[in-house]
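2 protein chains.
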Amino acid sequence: MTPLHLGRAAPVPEQPPRSQDPVLTAWAPGPVPEVHPGDDLTLLALEALGHGPELRDGDIVVVTSKIVSKAEGRVVQADDRQAAIDSETVRLVASIPHAHDDGATLIVENRLGMVCAAAGVDASNTAAGTVLLLPVDPDESARALAAGLRDALGLAVGVIITDTLGRAWRNGQTDVAIGAAGVRVFDELAGTTDAQGRPLVATRPCLADELAGAADLVKGKASGRPFAVVRGMGHAVGALDLPGARSIVRSVESDMFRQGHREAYADGYAAGLAARDDAGTAGTDKEQP
Amino acid sequence: MTPLHLGRAAPVPEQPPRSQDPVLTAWAPGPVPEVHPGDDLTLLALEALGHGPELRDGDIVVVTSKIVSKAEGRVVQADDRQAAIDSETVRLVASIPHAHDDGATLIVENRLGMVCAAAGVDASNTAAGTVLLLPVDPDESARALAAGLRDALGLAVGVIITDTLGRAWRNGQTDVAIGAAGVRVFDELAGTTDAQGRPLVATRPCLADELAGAADLVKGKASGRPFAVVRGMGHAVGALDLPGARSIVRSVESDMFRQGHREAYADGYAAGLAARDDAGTAGTDKEQP
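These protein sequence lines map, in sequence, to chains Y and R.
Per UniProt numbering, residue 1 is the first one in the first sequence, and the count goes up by one each step.
Per UniProt numbering, residue 1 is the first one in the second sequence, and the count goes up by one each step.
These are computed hints drawn from the structure, not numbers from a lab.
These numbers come from a predicted model, not from an experiment.
Heads up, a few of these hints could be off.
To be verified - Cβ pair distances, simulated, as ranges:
{"no.": "1", "chain 1": "Y", "residue 1": "Glu-140", "chain 2": "R", "residue 2": "Asp-86", "range": "44 to 52 angstroms"}
{"no.": "2", "chain 1": "Y", "residue 1": "Asp-101", "chain 2": "R", "residue 2": "Gly-73", "range": "18 to 26 angstroms"}
{"no.": "3", "chain 1": "Y", "residue 1": "Ala-83", "chain 2": "R", "residue 2": "Gly-50", "range": "53 to 61 angstroms"}
{"no.": "4", "chain 1": "Y", "residue 1": "Arg-111", "chain 2": "R", "residue 2": "Ser-247", "range": "39 to 47 angstroms"}
{"no.": "5", "chain 1": "Y", "residue 1": "Glu-47", "chain 2": "R", "residue 2": "Glu-188", "range": "50 to 58 angstroms"}
Claimed, not checked - Away from chain R, derived, C-beta distances all over 12 angstroms, residues of chain Y:
{"no.": "6", "residue": "Gly-38"}
{"no.": "7", "residue": "Ala-152"}
{"no.": "8", "residue": "Glu-188"}
{"no.": "9", "residue": "Val-230"}
{"no.": "10", "residue": "Ala-275"}
Positions of the beta carbon are idealized from the N, C-alpha and C atoms, including for glycine.
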C-alpha cells in the first residue's frame with residue numbers, strides 16, 4: 001500500500017458524532033500576514049480568527065510564541081545569537097558534542113524555567129540576520145490576549161501560548177504550553193476515582209500541553225498559521241487568574257534531572273578526588289563524604 | 001468570572017471552518033464494556049467505533065494501552081506488583097524519596113525503552129487485586145489492529161496505542177504513543193524550508209505523541225472510552241510497515257539523562273574516592289582519571 005497524502009484540509013465529518021460523545025475540533029484560520037514589533041496581538045488574533053467560524057464560550061485560542069515575540073519586539077540581531085542565548089540562560093544542564101561538526105548541543109534552563117536547547121532562542125521563520133527571544137512573561141502575554149478577546153467578543157475564551165520542545169528520552173519535539181490564561185492547565189483527577197472506584201491520585205493530565213500539541217497538528221510549522229482554535233474543551237476554560245503555564249515547570253525539589261549524567265558524574269568525581277587530596281594532605285585516607 | 005463547566009460533550013460546529021483551512025476532529029465513541037483476556041481487539045474496536053461516525057480513509061484510531069493489555073491477558077496478581085515492576089524493568093534511572101511516607105518514586109527504563117515510573121505497570125482501572133503490564137510488543141499489537149481494521153473496513157486507517165507518561169522537567173503527564181502502525185510517527189520537516197526559505201533542519205515534530213495527547217483530551221482517564229478517532233491527519237497515514245513508536249525512544253548515544261543527577265554524582269564520587277584509595281595504596285596522590 002502506498003502512503004496516502006490526503007492533505008491537512010480534510011473536511012469536517014458530514015455525519016457528526018452522537019451528541020453525547022466527547023468531541024474536539026481544532027482549526028487553524030489564516031494565513032496571517034507578517035507580524036511587526038508593536039503590532040496589537042488581540043487585533044492580529046481577531047483578524048486571523050475572523051477567517052474561521054465565529055468563536056463561542058469555551059473555545060481555546062492557541063498561538064505560537066513566535067508571533068507573540070514578534071509583536072512584543074523580542075527581535076535581536078543574529079550576530080548576537082550566542083549573546084542572546086546567554087542572556088536567556090540561567091544555567092547549563094547538559095551538553096553533548098555534535099556527531100557531524102565541532103559544535104555541541106547545550107541543554108540549558110532558561111529564565112522561564114524551561115529546560116531546552118538554545119534557551120528557546122529561535123532562528124527560523126524570522127527576518128534574515130535576526131533571532132527571536134521568547135516573550136518576557138508568556139503567562140502575562142496570554143492574560144492580556146485572553147482579556148482582549150473576552151472584551152472584544154463578550155465570550156469566555158481561554159488562551160495558550162506554545163513553544164516547541166524536545167524531550168529527555170524521546171526523539172523529536174512536541175508543542176507545549178509556555179503561557180496560559182483562562183484555562184485549567186491540569187485536569188485535577190486527584191480525589192476522583194477510576195471505573196472500579198479506586199482513587200486516581202497519581203494522575204494529573206497536563207491539559208495545556210495536550211492542547212498545545214493538538215493545535216500544532218493543525219498549525220504546522222511552516223504554513224503561516226500561528227493561531228488555532230480548539231473547541232470542545234469548555235470544561236477547562238475558567239477565570240483569567242487561574243494558574244498559568246509557569247505552574248507546569250517542575251520545582252527544583254522534585255527535579256531528578258538537574259544535570260546530565262555526564263556532568264553530574266564529573267562533579268562527583270571531582271568531589272571524590274578533592275576528598276582524596278584532603279586525605280593526602282592529612283596523611284590519612286579516612287575522609288568520607 | 002466563575003469557571004465554566006460546559007462538559008466534554010460540546011457539539012461540533014454548525015458553521016464549519018472554510019474548506020481550505022486545516023481541520024482536525026477527534027471523538028471518543030463508546031462506552032466500551034469491560035475487556036477480558038482473549039477478547040479480539042479488532043472486534044472490540046469495530047464495536048466501539050460503530051457508535052460513532054463511519055470511518056474514512058486517513059482516519060487514525062487511538063487506543064489506550066490498558067485495553068490492549070487486558071485483551072492480551074497481561075494481568076498479574078497485585079501481591080506480585082513489585083515483582084511485576086521488576087520483571088518489566090531493565091535498569092534504575094533515578095529515585096527520589098516520597099515527602100509523605102517512607103516510600104520512594106523510582107524512575108526506570110522498562111523493556112520497551114520507556115523511561116517512566118513503575119515501569120509502566122498499572123494498578124488503576126484494573127480488577128481488584130490485579131495489576132496490568134504493558135503489551136508485549138505495542139508496535140506489533142498496533143499492526144495487528146490496523147491490519148484487522150483495514151481488512152474489515154476496506155479503508156487505510158492508522159493505529160496508535162497510548163500510555164500516560166510523566167516528563168523530566170514538567171509537572172503532570174501527557175499521553176504518548178507506545179505503539180503505532182500505518183502512521184508516520186514524525187513529521188519529517190528536514191529538507192523543507194520555513195516561510196523565509198531557510199531550512200527547518202532541527203525540527204522533527206513527533207506527530208504520534210501529539211495525536212496521542214489530542215486523543216486523550218476526548219478519551220479522558222475514567223470515562224470508559226478507551227478508543228478515539230482523529231480525523232484530518234490523513235497525510236500522516238501510510239503503509240503498515242512504516243517505523244513504529246519504538247523509533248521514538250531515544251538511543252543510548254543521544255541520551256544525556258541516563259541517570260538522575262544524584263545517582264550520577266554518587267557514582268562519580270565513588271570513582272573519585274576509589275582513585276584516592278588507589279593513590280593511598282600506592283603511597284602517591286598522582287593518580288588521575
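Consistency of the hints with the structure:
no. : hint                                      : result
1   : Y:Glu-140 - R:Asp-86: 44 to 52 angstroms  : holds (47 angstroms)
2   : Y:Asp-101 - R:Gly-73: 18 to 26 angstroms  : violated (50 angstroms)
3   : Y:Ala-83 - R:Gly-50: 53 to 61 angstroms   : holds (60 angstroms)
4   : Y:Arg-111 - R:Ser-247: 39 to 47 angstroms : violated (34 angstroms)
5   : Y:Glu-47 - R:Glu-188: 50 to 58 angstroms  : violated (32 angstroms)
6   : Gly-38                                    : holds (20 angstroms)
7   : Ala-152                                   : holds (15 angstroms)
8   : Glu-188                                   : violated (10 angstroms)
9   : Val-230                                   : violated (8 angstroms)
10  : Ala-275                                   : violated (6 angstroms)
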